[in-house]
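Q: Residue strings, one per chain:
Protein chains: 2
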Amino acid sequence: MKGYRDMTREELLAERQELNERYENYKALNLTLDMTRGKPSPLQLDLSNDIYDVLNGDFKTAKGQDTRNYGIAEGIEEIRAVFGEILGTDKDNIFMGNSSSLNQMYDAIMRSMVFGEVDSPKPWAQVEGRKWLCPTPGYDRHFRVTETFGFELIPVPITEDGPDMDMVEELVKDEKVKGIWCVPCYSNPDGIVYSKETCERLAKMETAASDFRIFWDNAYVVHHLSEDRNEWGKLPDMLSLCESYGHANRVYEFASSSKITFAGGGISCFACNKDNMTYAKKYLNAQTICTNKVNQLAHARYLPNAEAVYQHMMKHAAILRPKFEACQNVLNEELGFDDLWHWTNPKGGYFVSFYAMPGTATKIVSMCKEAGVALTPAGASYPYGKDPQDSNIRLAPSFPVIEDIEKAVRILAICAKITAVDKLLEDLK
Amino acid sequence: MKGYRDMTREELLAERQELNERYENYKALNLTLDMTRGKPSPLQLDLSNDIYDVLNGDFKTAKGQDTRNYGIAEGIEEIRAVFGEILGTDKDNIFMGNSSSLNQMYDAIMRSMVFGEVDSPKPWAQVEGRKWLCPTPGYDRHFRVTETFGFELIPVPITEDGPDMDMVEELVKDEKVKGIWCVPCYSNPDGIVYSKETCERLAKMETAASDFRIFWDNAYVVHHLSEDRNEWGKLPDMLSLCESYGHANRVYEFASSSKITFAGGGISCFACNKDNMTYAKKYLNAQTICTNKVNQLAHARYLPNAEAVYQHMMKHAAILRPKFEACQNVLNEELGFDDLWHWTNPKGGYFVSFYAMPGTATKIVSMCKEAGVALTPAGASYPYGKDPQDSNIRLAPSFPVIEDIEKAVRILAICAKITAVDKLLEDLK
Numbered sequence: 003m004k005g006y007r008d009m010t011r012e013e014l015l016a017e018r019q020e021l022n023e024r025y026e027n028y029k030a031l032n033l034t035l036d037m038t039r040g041k042p043s044p045l046q047l048d049l050s051n052d053i054y055d056v057l058n059g060d061f062k063t064a065k066g067q068d069t070r071n072y073g074i075a076e077g078i079e080e081i082r083a084v085f086g087e088i089l090g091t092d093k094d095n096i097f098m099g100n101s102s103s104l105n106q107m108y109d110a111i112m113r114s115m116v117f118g119e120v121d122s123p124k125p126w127a128q129v130e131g132r133k134w135l136c137p138t139p140g141y142d143r144h145f146r147v148t149e150t151f152g153f154e155l156i157p158v159p160i161t162e163d164g165p166d167m168d169m170v171e172e173l174v175k176d177e178k179v180k181g182i183w184c185v186p187c188y189s190n191p192d193g194i195v196y197s198k199e200t201c202e203r204l205a206k207m208e209t210a211a212s213d214f215r216i217f218w219d220n221a222y223v224v225h226h227l228s229e230d231r232n233e234w235g236k237l238p239d240m241l242s243l244c245e246s247y248g249h250a251n252r253v254y255e256f257a258s259s260s261k262i263t264f265a266g267g268g269i270s271c272f273a274c275n276k277d278n279m280t281y282a283k284k285y286l287n288a289q290t291i292c293t294n295k296v297n298q299l300a301h302a303r304y305l306p307n308a309e310a311v312y313q314h315m316m317k318h319a320a321i322l323r324p325k326f327e328a329c330q331n332v333l334n335e336e337l338g339f340d341d342l343w344h345w346t347n348p349k350g351g352y353f354v355s356f357y358a359m360p361g362t363a364t365k366i367v368s369m370c371k372e373a374g375v376a377l378t379p380a381g382a383s384y385p386y387g388k389d390p391q392d393s394n395i396r397l398a399p400s401f402p403v404i405e406d407i408e409k410a411v412r413i414l415a416i417c418a419k420i421t422a423v424d425k426l427l428e429d430l431k
Numbered sequence: 003m004k005g006y007r008d009m010t011r012e013e014l015l016a017e018r019q020e021l022n023e024r025y026e027n028y029k030a031l032n033l034t035l036d037m038t039r040g041k042p043s044p045l046q047l048d049l050s051n052d053i054y055d056v057l058n059g060d061f062k063t064a065k066g067q068d069t070r071n072y073g074i075a076e077g078i079e080e081i082r083a084v085f086g087e088i089l090g091t092d093k094d095n096i097f098m099g100n101s102s103s104l105n106q107m108y109d110a111i112m113r114s115m116v117f118g119e120v121d122s123p124k125p126w127a128q129v130e131g132r133k134w135l136c137p138t139p140g141y142d143r144h145f146r147v148t149e150t151f152g153f154e155l156i157p158v159p160i161t162e163d164g165p166d167m168d169m170v171e172e173l174v175k176d177e178k179v180k181g182i183w184c185v186p187c188y189s190n191p192d193g194i195v196y197s198k199e200t201c202e203r204l205a206k207m208e209t210a211a212s213d214f215r216i217f218w219d220n221a222y223v224v225h226h227l228s229e230d231r232n233e234w235g236k237l238p239d240m241l242s243l244c245e246s247y248g249h250a251n252r253v254y255e256f257a258s259s260s261k262i263t264f265a266g267g268g269i270s271c272f273a274c275n276k277d278n279m280t281y282a283k284k285y286l287n288a289q290t291i292c293t294n295k296v297n298q299l300a301h302a303r304y305l306p307n308a309e310a311v312y313q314h315m316m317k318h319a320a321i322l323r324p325k326f327e328a329c330q331n332v333l334n335e336e337l338g339f340d341d342l343w344h345w346t347n348p349k350g351g352y353f354v355s356f357y358a359m360p361g362t363a364t365k366i367v368s369m370c371k372e373a374g375v376a377l378t379p380a381g382a383s384y385p386y387g388k389d390p391q392d393s394n395i396r397l398a399p400s401f402p403v404i405e406d407i408e409k410a411v412r413i414l415a416i417c418a419k420i421t422a423v424d425k426l427l428e429d430l431k
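Sequence order for the protein chains is A and B. Take 3 as the starting number for the first sequence in this note's numbering and just add one per residue. Take 3 as the starting number for the second sequence in this note's numbering and just add one per residue.
Looking at chain A on its own, in the form it has when it is part of the complex (with noise of 0.2 Å):
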C-alpha cells in the first residue's frame, strides 16, 4: 500500500470513505475498552492470591521478631534482603514502606521541602523558582508530585539511551535546578533502559545545586518481558555509582511490589547512603512506628530471594508477553505501510508509547472515546499534560484481555489514520 503522502487528494478521500465506515462500525458495537493505567490484570493478581499462607499463624522474623507488633521502622531485615538483591545495594540502604512507593517519593520531597537536604543551605520550600528536570515524555504521576510542591516542571527530552545528557549536563548548571526523575529500567511510556554512559553521566556530572537529587524509581526493575537472563540487571547500582564519583549523597532509589504481587496491598522502599539514610531516618522516626511489617514478612516469606522473584515474573511475563504481541502486530497491520507514526516495542515495562502524526494526538484520544475506547490522555505524558507535538498517547496494554486490546488498538491505528488523511487533505487544500 501506498503511505498517504504519496496518495492523490482523491485516493486520500476514497481511503477516509473507507476508515469512516470502519470507524461508524466499531462505534455501533457500543464498545467499553479501557487502555487507559498500567494496572495489572486479574490474571496477574491471581499469581499472588496465596501469598498470606505463607503466615500459617507464625508471624515472627527469623530474628524472632514479632511482627504484629510496634517497631522495626526500618523494616524486617529479611525483606530489607531481598530488595536490596533485586537493586543491587545492600539490605542496610533500604527503608521499607507501605504499599506505594510513589508516597516515598512525594515524602522524601515533602522532608525537603520543610527540612531541607542534608547538605541543603536551606529547605526548598524557601527556594524560589524552584525547578525540576521532566525526561520526557515521562510518569505523569511523578510531574504531578513536583508540580504540586511548587517546582517549574523542564522538559528534557528522552532518547533512545535515557534522558538527553548534553541539556541535562547544561541546565544543571542552574543551582534552582534541584532534582530529575528518572525511570531508569522500562521507562514510562517509552520503555527505554538507560544506557551505562547515561548512567554514569548523571553520577559524574558537576551540578550548581549542593543538593541536587536523583529520583530513581526503579518501578520495572524486575519487569522484563523477556525470559533472556541477560535482560536482566542491565542497569549499574546507582548508589555505588553516584559514591565512585564522590556524589555519594546524590541518589534516591524507589522500588515496589506493586506489579510483583499486589498493586493495592504490596510493599515499597527506598534506598540512599547513609549520610541520607540517617538523616531521613530523623524525621522518619517522629512520622511513624512502623509500616505494615506483616505485609513485609508475608512477602519475604513469599519471595525469599531475586531467584523467587525471577521466576514469580516469569510467570507475569507468560501473561503480558501475548498482549504486547498483540498490540504490535494490529499496529504494524494497521499502520505498517506508512512512517507518519511510530512506536515503541519494549522488551518490559506496561507500556506501548504511539507518536502519531503532529497535531493529531487529542483528535485521536478524543475520537477513540466516542468509540468507547479510554486512553490516557494526550499530553498525559509530558510536564503540565502538554505534549508539544500533540503525537504522543500511551498504550496500557496489561489490563484489558488480548480480544479487547486487538479491538482498542484497532480502534485506535483507524483513528490514527483519519486523522492524518484529514490532515493531508487540509494541506492539500
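If you are wondering where the hints come from, they were derived from the structure by calculation, not from laboratory data.
Dumping the calculated EDC-like pairs for lysine to aspartate or glutamate here, alpha-carbon to alpha-carbon at most 20 Å:
hint : chain 1 : residue 1 : chain 2 : residue 2
1    : A       : K133      : A       : E171
2    : B       : K283      : A       : E149
3    : A       : K124      : B       : E130
4    : A       : K62       : B       : D52
5    : B       : K62       : A       : D55
6    : B       : K317      : B       : D230
7    : A       : K62       : B       : D48
8    : A       : K431      : A       : E13
9    : A       : K124      : B       : E149
10   : B       : K124      : A       : E149
11   : A       : K365      : A       : E17
12   : B       : K284      : A       : E149
13   : A       : K317      : A       : D48
14   : A       : K283      : B       : D142
15   : A       : K284      : B       : E149
16   : A       : K284      : B       : D142
Examples of chain A residues lying across from chain B (beta carbon under 7 Å, computed):
hint : residue
17   : K41
18   : N51
19   : Y54
20   : Y72
21   : S102
22   : V147
23   : A288
24   : T290
25   : I291
26   : C292
27   : V296
These stretches of chain A come out as covered by chain B in the derived footprint (C-beta under 8 Å, 3 or more residues):
hint : region
28   : 57-70
29   : 105-116
30   : 253-266
Using N, Cα and C, we set each Cβ at its ideal position, and we do this for glycine too.
Add chain B to chain A, keeping to what the hints say.
A: For chain B alone, coordinates are given in the frame of chain A:
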C-alpha cells in the same frame, strides 16, 4: 502502718534498712522486665491471627472492586463504614491510611506546614514562633511530631475532665497557637475521658488563629476494660459538635486498629469535615494512588461492624483486666498506707499513671533500671521530656505477663518508698 511524714528519724531509718534489703534481694534476681511501651501482648495479637483467612481467594469489595489493584485512594467503603460507626460519623468523612495513625497526624501537619490549611492566611512553615497546645501529661510521640515541625510546645495541665479549659481558652487568644493534641478517651497516660463540657468548650471557644486545629486522637475509642456498654461511646461526635458551633473546619479525628488487630499491621484512618477533606485530598491524591486495600478488606470482613468490634475488644479486655488489677493490687498493698503518691485506676486505655513524691521520679526510674525493670523515662509524658514536678511515671502493663507485672510494680513501689524516705530524712537533717 504510719504515714512516712509521721515517722521519727529512727523509724524512717529502720524502714529504709528494710526497704534496702528488699531492693537488694530483687536486684540479686537479675530480672529483665519491661513496662515501657503500650504494646499489646502476644496473647492479644493471637486474637487476630486468622484475620487473613477471611480473604479466602476473594479480594473483591461488596461493590465488586478488586482490592488487589490500584485505585480508591480514600479506602474501601465497607471499612470506612466500620470506622464511621465507631467514631459516630459518616463514612464519607473518613480517609483510610496504612497501619499508623501517627503517620496520618504527621502528614496532616506536614501539609499545613507546606500548603497551609484550607482557611490559613499562609503555610504554617512561614509562621514564626508557631505554638501548639499539649495537654500534659500526654503522649510523647505527639509532642515529638510538633517539636520536629518547630512548634513551641505549650503545656496545659490535664484535669479529671480533660485539659484545663480556662487555660486553653486563654491561650488560644494568641494567633500563633495553631492547634492542640487531644486523646479524649482514656488519655495517654492518665486514662482521662474528656467530659461533655470540655468537648463543648473545645468546639465552642473562639480562637485567634482562623486555622486552629484540634488533633482528636481517638486511639482508645473502643479500648475499654469493662464489659459495661454504658462505658462505651460516651464522647460526642466532635465533628458535628464543632460544626454546631460554627467551627466545622476545626477538628481532625484519628483512629486505628493497632490495638484492635495488629499494632504492626493494622489500618488507620482520619476523619474531618467536607471542606478539610476536599482540600486534603488535593494533596493526598498527589501523594499516593492508594493505601493497602487488601488489608482493609480483611479488616472489614473480620470486623464488619461496631458490634463485631465490641465483641473482639471484650476478648482484649479479658486479657488486659487482670493485668491492670495486678498493678492496682500491688500498688495498694505497698503504697496504700500513705498519700505521698497517687496513681490512676483507668477504665480503659493502655496505661497506669503513677505520681511519685515530687522530685523523685527520675531517681525511681534509674533505681528500677538497676534492678532490671525498664520504665519509660521520667518526664517522657511531658513536652521536651521535662516533668517540672519530676513526679510522673507512666506504667504500661499490657505487654508483660501478670507475674512480671507484679514483680515490676513491686520493685517500683519499693523504689518509690526508698526515695521518699531518703527525701524525708534529708529534710530532717
